[in-house]
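Trainee: Given only the sequences and the hints, what does the whole structure look like? Please build it.
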Amino acid sequence: MDKKLTLNQLYEKYKRWVISNPNLVTDVETVATWSSYFVAGKINKSPIVSELVYSLSKLLSLFNDRLIREAYGNEVQYYSFREQIKLWLTVIHYSEVFVELVAKDRCASRGKWTIATILQLFKCSSALILLYRYKELPIQHPPIPALQRKKFMEGKETDENSNSFFTLKRSGRVVRRIDGAPPVALRDWQPVKVNDGSSNPSLEIKDLLYAETLHILKPVIHLLAMRTFGTKAWKQWLVSLSIDLASMRIYNRHMKELSYEQRLEISRRKLGLILYLLRSPMYNGYSKNVIEGFLTSLSYKIPMTSFICGPIIQYLSHWQDIYFYMWAS
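Mapping the sequence shown onto our numbering, position 216 (from 1) lands on 216, and the numbers just tick up by one.
Errors might be hidden in some of the hints.
[As the list claims (entries may be wrong)] Here are the simulated DSS-like cross-link-like pairs (lysine-lysine), alpha carbons at most 30 Å apart as the crow flies:
{"id": "1", "residue 1": "K112", "residue 2": "K235"}
{"id": "2", "residue 1": "K301", "residue 2": "K288"}
{"id": "3", "residue 1": "K256", "residue 2": "K135"}
[To be verified] Computed spacing ranges between beta-carbons, pair by pair:
{"id": "4", "residue 1": "Y315", "residue 2": "P281", "range": "19 to 25 Å"}
{"id": "5", "residue 1": "L271", "residue 2": "W88", "range": "22 to 28 Å"}
{"id": "6", "residue 1": "L275", "residue 2": "R249", "range": "31 to 37 Å"}
Please keep in mind that the hints were generated in silico from the structure rather than gathered at the bench.
The model shown is predicted, which means the values in this text are computed figures rather than measured ones.
Glycine included, C-beta positions come from ideal geometry on N, C-alpha and C.
Mentor: Here is the structure:
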């Protein structure tokens, strides 16, 4: 009993510390995350240790975000089945590489691919539930993004909105307050626009459902292609790229119907297409020589850059083998 009380007291003290010192907590999390990169190559089994440090730092940040939401949020936090799915997908997002490395270390390559398949099947089925049951698209990666703590705690948007307008109960019409209106010279005489973070919540365009379904199924399809054609074959590389391009093409037709946050996620996915240059067999056949040649030339021409370019060249192939899976979103 005493031990249980002691653990509860420690948790309460930690919770109060996080709530009282959010900036310091953020700095500690940042140092922990960056330390995972410096561990690489310095100790025995460094990839596993590095990924463990990275995963723990990200999971700690996720936990601290939840404490801050509960402390500074205006409403009582209720974690529905939808939120639980997002939570598990976020946890896997931060820890799947570590789990795969441990499986490979313990059970060789067979264990790694078994664990990878199980994780991707779980992620795929969970994402399909979010898509077809809750109509959430596109699904963010990670599904629970890092909290913008300073902005969240200050509550500027909430305060500004609540002071500038009110909503009529019967009609639901938004009416601007007299004391909340801007100066006459700065008025645009447009209706009040309320940004509640749920833009286009009921957007149900079949094409968008097809586009997001392709994106969700891509990891599983790619794993099957790797099983069929091999991990270094061009066919599996082209299968994954074709699915991504097909999904992007459908989304491009309906960009005007999407909210700002949705368009931001699609832009992130488009930027992620650059990673195909770092994935086999493109990397082994073409990109590797170009990247290493560029970094070597840079280290010779610009002073002090050799301290950065040297380790990158040394560990690039190692990182490519660990991180640049085609199913990683």
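Trainee: Going back to the hint list, which numbers does this structure go against?
Mentor: 6
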